[in-house]
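Novice: Residues per chain are reported as follows:
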Amino acid sequence: MSENRLDTAAMATRYQKAWFAETAQRARDGQPIALVNADAPHEVLRAMGIPYVVNQWWASIISAKRLGPASLERLAALGLPDFSQQYDAIPLGAHDLPVEQRAWGGLPEPAFAIAERSGDVTQKIFELWGEREGTETFLLSRTGADPVPSAWWEKVPHDWEDAFGADRLDLLQAEIEELVTWLSERTGRTLDRDRLAQIMDLGNQQAEWNRRTRDLIATARPTPVLVNDTMPAVMVPQWHRGTQWAVDTARALHDEVARRVDEGVAVCADERRRLMWVGRGLWSDLDMYRRFHEEFGAVFVWSMYLAIAADGYPRYGADPVRALAARFVGFTDQLYVPPWSAQWYVKEALAHGVDGVVHLVADDTPGAGFISEALEAEGIPVLEIRANNADSRSSGSARIPERIEEFLRERVPARA
Amino acid sequence: MQSAHSLPGFGDARARDRPRIGVVGADLPRQIVLAADAVPVRLFGSWSGAVSLRASELLGAVDAVAGRILDAILAGDHDDLAGLVICNDSQANLRMFYVLRVLAERGEVPFPVQLLDAPRGPGSAKKAFVVAQYVRLVEFCTAVTGAEVGVDDLRRAGDAEQSVAVALERLRERRVQSRCTGVSALNAYRAAACSAPEVAVAAIDDAQVSTAEGDRIFVTGSAHPDSGVYQVLESTGATIVAEDHDAGDGGWFAACTTGDSAADILAGLASLHADRPPSAARGTTAERVTALRRNVIETRGAAVIALVRDLDDAPAWELAAVREALETLRVPFVSRTRITAEEAISTSSDVVTALAVREGAYG
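Residue numbers (the numbering used here), protein chains in the order written: chain A, 1 to 416; chain B, 1001 to 1363.
Just so you know, these hints were derived from the structure itself, not from any lab. There's no promise every hint is true.
[What the hints assert, rightly or not] Here are some of the chain B residues that sit facing chain A, going by a computed Cβ distance under 8 Å:
id	residue
1	1058
2	1095
3	1111
4	1132
5	1166
6	1194
7	1290
8	1294
9	1314
10	1316
11	1320
12	1337
13	1356
Please read these numbers as outputs of a predicted model, since none were measured by experiment. Ideal Cβ placement from N, Cα and C applies to all residues, glycine included.
Isolated chain A (complex conformation):
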């Protein structure tokens, strides 16, 4: 099946490795870099010329190098919990591993650690980064998802004042301004707001290309791409959001998918069942996604990574700081907070014409059952699986492939 892999995915992965090596070298040469949470306002750093590494992405690299357990052991040795929010905490532990053990040569000491106070623990982890020599921490507030007007994906690009509420935006906008001042005091750099506006525009262009790609895949029959291939092709450029490279890569992905559609490429030769994967990617077993092609003609046509890149990021507005606040004030609310989450997954399921949904239920989100319930109410059968997406022991004991096979046999009839 290797002929089905996307060139864009391979190119993005190569680019990321080269980018990290260059960024690490710049940091070792004395340039300040930042370690940021995925939902922090990265665009400010880009506009101020401060390179940044996303904590969750870095955790995925450490985990892929099988250094997660050693990293957690380091935390435990310091008297810190090795059982709590492990994915966010792994980079902290990995930072103390012997140099020769560190993934990709290790993350240079960041000058800044920046996160929003989501959950109860993220702030504690980032606070610990700030206790290291040479690193300072900045924390932003994270307000609750209230209000939650229906059909958020229609509102957030332009009507974000209504979508999130002015009070929430006022607070985050003010805190982003505080972050700008804080960074200016430490780097001597100022924020060029025209530059920030350009970066916001590039981020919107990237989202527009992702939307076109998502819409193309939604209507394409048969499905031209593997979901586990679109994940890196979308996520790596996401960490470079606001650059021309990210826009060009999103466009390249679109063009490659369009070519495949034109050429009638099918990742599953005899597509008879279209499946949606709700939940985080099954990193511990990515091959699982194409395991049902042959016997069942069942192909996963949807995962959240491309879809949220299409719907979740665009924010248009004259004031780039307020628009940036609108991008992040409720980003994860779009995916995980009911009723927004359930409404969006139903919209996407219907648009993609799926015949069944596999819902990997995360235990760190509320009301996951509302999503399954809403999909079933539309006549779409749902298989709920409770397992850790990154832990092969957990996914193995959950018998994911076997249960999907049973689900396909019993609840998802083949199309004629």
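Once you've looked at the hints, dock chain B against the given chain A.
Specialist: Here is chain B on its own, set in the frame of chain A:
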């Protein structure tokens, strides 16, 4: 300010007739609810008891205390409430709000649900956000009770809460003077969070129990929604003289202020909130340890115990820094993490034993 006993509108008989507004979490300024002629009733949950599969699946992996509160709500145990305010003071409580908002919309809970989202800390932007939240809270209470809330109502409620605040100050002094056990204090705090002011004052002043001569314990870690674990700890002869969790000294009981207008009073409450002691789930470890160190010295704590429930992870991230700070004070410290309901009592006994070993002459 006047004594609550002399205040019209806050008598016990009236309180029985007034709407009750439930509260989950520790961020509510009761003054606002009282001004709307309702009685705020905090739902604490408990250390022990099963959590239903439904509650577990609705909330995901969270502190079981939240699951027990949700179970009680879904079972109809609180159907007498006129409304429910849920504070965004922990991830567990925020998730409970998200779930109950949907269920209330469907009519599965018989009262409206309101989020109180009050990020703590300095700064005008945060304060403006919190004031806006208080305005929404006023509107919610007014909708629930039908009572308009004006400056006079807020002042009157503030006077009543002030009497509770003064009673709590007396309580804290008694604890330091070994004239009140931790169990009694915890129950008094519960009264302050669940009763009309004059009822609370009486309950708080009743909490006067001679304590044993054992060690003076300071409790940190998870909140104690009931006194079960305190009973075990104090059954050994120790006395819990203070704590920093939100069911005790670390909570926000009887916060009140006055002003020339309703807006002044809400702004005053927001200022008080900004300056509150930090909680584990929302404060930084540095803030928490600074406060703990000061409190241990002021209350003459001879040892510190931290019991951290399973999935209540924020306190677990503080333990290393707490240990380091207490070593400089030469105060013994024992902690346990990931405690389940089944383990709560045995673990409590175990920490007392561990403390005895550390001190050499405990109890």
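Novice: Indicate, hint by hint, whether the structure satisfies it.
Specialist: Going down the list of hints, with the structure as the test:
The closest approach between the C-beta of residue 1058 of chain B and any C-beta of chain A is roughly 6 Å, which is under the 8 Å cut-off, so the hint is satisfied. For residue 1095 of chain B, the interface hint holds, the least distance from its beta-carbon to any beta-carbon of chain A being 4 Å, beneath 8 Å. The restraint placing residue 1111 of chain B at the interface with chain A is violated, with a minimum CB-CB distance near 17 Å, outside the 8 Å limit. The closest approach between the C-beta of residue 1132 of chain B and any C-beta of chain A is roughly 5 Å, which is under the 8 Å cut-off, so the hint is satisfied.
Taken as an interface hint, residue 1166 of chain B does not check out: its beta carbon lies about 33 Å from the nearest beta carbon of chain A, beyond 8 Å. At a threshold of 8 Å, the smallest CB-CB gap from residue 1194 of chain B to chain A is about 24 Å, leaving the interface hint violated. Interface restraint check for residue 1290 of chain B: the shortest CB-CB distance to chain A comes to about 13 Å, outside 8 Å, so the restraint is violated. A hinted interface residue such as residue 1294 of chain B counts as satisfied when its beta carbon comes closer than 8 Å to some beta carbon of chain A; here the least separation is about 19 Å, so the hint is violated.
Contact between residue 1314 of chain B and chain A, as hinted, is supported at the beta carbon level, the nearest pair being about 4 Å apart and thus within 8 Å. Annotation: residue 1316 of chain B was flagged as interfacial toward chain A, and the flag holds, the nearest CB pair being 4 Å apart, inside 8 Å. Interface hint at residue 1320 of chain B: satisfied, since its Cβ lies 3 Å from the closest Cβ of chain A, which is below the 8 Å cut-off. A least Cβ separation of about 7 Å between residue 1337 of chain B and chain A falls short of the 8 Å threshold, and the interface hint therefore holds.
Checking residue 1356 of chain B against chain A by beta carbon gives a least distance of about 22 Å; that is not within 8 Å, so the hint is violated.
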